[in-house]
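S.K.: Sequence:
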Amino acid sequence: MPILRDIPLNIEVDDLLRAQGAEPHTIRARRPAIVRAAETALESGRSLLEPLVLYEIYPVEALHHERLILKGGKTLNGPLIATHAGRARQVIALVCTIGPALETHAADLMRTDPLRALALDALGSAAAEVLAVSACNLLETETTTNGWHASMPLNPGMIGWPVEQGQPELFALLDASQIGIQLTEGGVMKPLKSVSLVMGIGPDLSTPGKPCDYCTMSATCRYQYHYA
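Residue 1 is where the sequence shown starts when you use our numbering, and the numbers rise one by one after that.
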C-alpha cells in the first residue's frame with residue numbers, strides 16, 4: 001500500500017488556539033500566556049511531528065441500498081456513504097498520523113508544566129487535521145486529472161456513519177500497522193493524533209453540503225464557518 005511521507009504542514013499559532021477550544025482573537029486579548037505557550041509549542045514541537053499517510057484505491061463494483069461494494073468484496077455501509085460515494089467509480093481509503101512522539105512528550109509534561117503540555121497536545125491535533133486535509137488535496141489532484149471529481153472526505157463518526165461501524169469497515173481496507181496505527185476494540189486509533197477517512201471519486205459525483213453539516217457537533221460548534 002502506498003505511503004506518503006514528509007507532507008509539508010502549514011500550521012499557525014491560531015490553529016493551536018482553536019484546537020484548545022479557544023477563539024484566537026479573544027485569547028490574544030485576554031490570555032497572552034496561552035498565546036505564548038502556543039507559540040513555544042509550535043516552535044519546539046515541530047521536530048516531534050512524524051507525518052505519515054497510508055492509502056489504497058478500490059474500484060467500486062456496485063451499490064445496493066446503502067451498501068457500497070468494493071472490488072474484493074469489502075463494503076462500506078450507511079446513508080453517509082450512499083449519499084456521497086454511491087455514484088463513485090473508485091474509493092480512496094486513507095489513514096494519517098503524526099506519530100507517537102509528540103503526544104508522549106506532552107503526556108510526560110502534564111504534571112510539571114500543564115500549560116505547555118496542553119499547547120503541545122493542541123499542536124498534535126492541529127497537525128493531524130492539516131495532514132489529513134493536505135493528503136486529501138494531494139490525492140484529489142492526482143486522481144481527478146481525467147475530469148473526475150472527488151467527494152468530501154468522509155470520516156467515521158460523521159452523521160450517517162457511526163464510529164463503531166465506520167472504523168472497522170475502513171480498517172478492513174488498510175493495513176494501518178504499516179505506519180504504526182492500531183485500532184482499539186472501542187474504535188479509538190493509537191496514536192491518538194491520527195485521522196481516518198474515505199473519499200469517493202468518479203465522473204458523476206456531486207457533494208451536497210459540507211463536512212460540518214454531517215458533524216455531530218454542528219449545532220454548537222463555533223468554528224464551522226472557519227472550516228467551511
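Heads up, a few of these hints could be off.
Simulated restraints, written as ranges between beta carbons of each label pair [unchecked claim]:
1. T141 <-> A33: 37 to 43 Å
2. M110 <-> S47: 18 to 24 Å
3. D113 <-> E185: 31 to 37 Å
4. L115 <-> A62: 49 to 55 Å
5. L192 <-> P32: 42 to 48 Å
6. L192 <-> R111: 16 to 22 Å
7. A107 <-> E142: 32 to 38 Å
Since the hints were derived computationally from the structure, they do not count as laboratory data. Ideal Cβ positions, reconstructed from N, Cα and C, are used throughout, including at glycine.
S.K.: Mind listing which of the numbered hints don't hold for this structure, in increasing order?
M.R.: 5
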